[in-house]
Amino acid sequence: KAGVTQTPRYLIKTRGQQVTLSCSPISGHRSVSWYQQTPGQGLQFLFEYFSETQRNKGNFPGRFSGRQFSNSRSEMNVSTLELGDSALYLCASSLGGYGNTIYFGEGSWLTVV
Amino acid sequence: QKEVEQDPGPLSVPEGAIVSLNCTYSNSAFQYFMWYRQYSRKGPELLMYTYSSGNKEDGRFTAQVDKSSKYISLFIRDSQPSDSATYLCAMSDQAAGNKLTFGGGTRVLVKP
Numbered sequence: 001k002a003g004v005t006q007t008p009r010y011l012i013k014t015r016g017q018q019v020t021l022s023c024s025p026i027s028g029h030r031s032v033s034w035y036q037q038t039p040g041q042g043l044q045f046l047f048e049y050f051s052e053t054q055r056n057k058g059n060f061p062g063r064f065s066g067r068q069f070s071n072s073r074s075e076m077n078v079s080t081l082e083l084g085d086s087a088l089y090l091c092a093s094s095l096g097g098y099g100n101t102i103y104f105g106e107g108s109w110l111t112v113v
Numbered sequence: 001q002k003e004v005e006q007d008p009g010p011l012s013v014p015e016g017a018i019v020s021l022n023c024t025y026s027n028s029a030f031q032y033f034m035w036y037r038q039y040s041r042k043g044p045e046l047l048m049y050t051y052s053s054g055n056k057e058d059g060r061f062t063a064q065v066d067k068s069s070k071y072i073s074l075f076i077r078d079s080q081p082s083d084s085a086t087y088l089c090a091m092s093d094q095a096a097g098n099k100l101t102f103g104g105g106t107r108v109l110v111k112p
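Quick mapping for you: the protein sequence lines, in order, are chains A and B. Counting in the working numbering, the first sequence runs from 1 upward without gaps. Counting in the working numbering, the second sequence runs from 1 upward without gaps.
A portion of the hints provided could be inaccurate.
[Said to hold, decoys possible] Below 25 angstroms or equal to it, Euclidean Cα-Cα: the simulated DSS-like pairs (lysine-lysine) are:
no., chain 1, residue 1, chain 2, residue 2
1, B, K67, B, K2
2, A, K57, B, K2
3, B, K67, B, K56
4, A, K57, B, K99
5, B, K2, B, K111
6, B, K56, B, K70
7, B, K111, B, K70
8, A, K13, B, K67
Please keep in mind that the hints were generated in silico from the structure rather than gathered at the bench.
When you get a sec, could you build the whole thing from the sequences and use the hints?
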């Protein structure tokens, strides 16, 4: 059974640009969450999507957005990139019910220069 | 103060020793408790999942949850060099759905 797949794995962007990251959840999983991981702040929750609707949101500025498609695949977008957005962005999937186990992908490494 | 506290380490142990990791938390609503292992430049891998208080064992791993003390632990028996990684505790409550709150992670080094 394929795991959570994230693309691209590595990317470098310039300050002020925007970036789109993609996530394909485990087959049958309907919930997709996004996290940002940095050395200083650790793993922080960005948002969760379930059945194409944002179900939960963390404390990040509006520059961070996401969406989910009917096949449960998800994308997140960061606009007007700042140097501080350099991080590992992790996607996680679960069946969708509360308390279901949550599995992570390998992440997308974003460097903003 | 963070909702979930975890000693950053590093924790260095000889091969074959028991690794003892723990987290404390402040939110009494947390009901689901997880431990993840993360190797360098990789995504977190789920090791253990526990609901509410109690113990759970899976192979060399034992997870304990003490909700009265707001304290969770992970024990790794017969540690191997391949167990060298960062271990993250995570927890959630029903109101927050699938939003996980993580500890900062403990770096573990198992020396041959």
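Is K67 (chain B) within 25 angstroms of K56 (chain B), Cα to Cα? 14 angstroms, holds
Decide if the proposed pair is consistent with the structure: K56 (chain B) and K70 (chain B), CA atoms, cutoff 25 angstroms inclusive. 17 angstroms, holds
Does K67 (chain B) sit within 25 angstroms of K13 (chain A), going by the straight-line distance between their CA atoms? 44 angstroms, violated
So if I understand the rule, the pair passes when the alpha-carbon distance is 25 angstroms or less; does K57 (chain A) with K99 (chain B) pass? Distance ~8 angstroms between K57 (chain A) and K99 (chain B) Cα, so the pair holds.
25 angstroms limit on alpha-carbon distance, applied to hinted pair K2 (chain B) and K111 (chain B): Distance of about 31 angstroms is beyond 25 angstroms: violated.
Checking one constraint from the list: CA of K67 (chain B) to CA of K2 (chain B), max 25 angstroms. Satisfied? 17 angstroms, holds
Pairwise hint evaluation, K2 (chain B) against K57 (chain A), where the allowed Cα distance is 25 angstroms at most: Holds, because 18 angstroms separates the two Cα atoms, which is no more than 25 angstroms.
Does K111 (chain B) pair with K70 (chain B) here, judged by a C-alpha cut-off of 25 angstroms? Given that 25 angstroms is the threshold and the Cα spacing comes to 31 angstroms, the pair is violated.
Hints 5, 7 and 8 from the earlier list are contradicted by this structure; the remaining hints agree with it.
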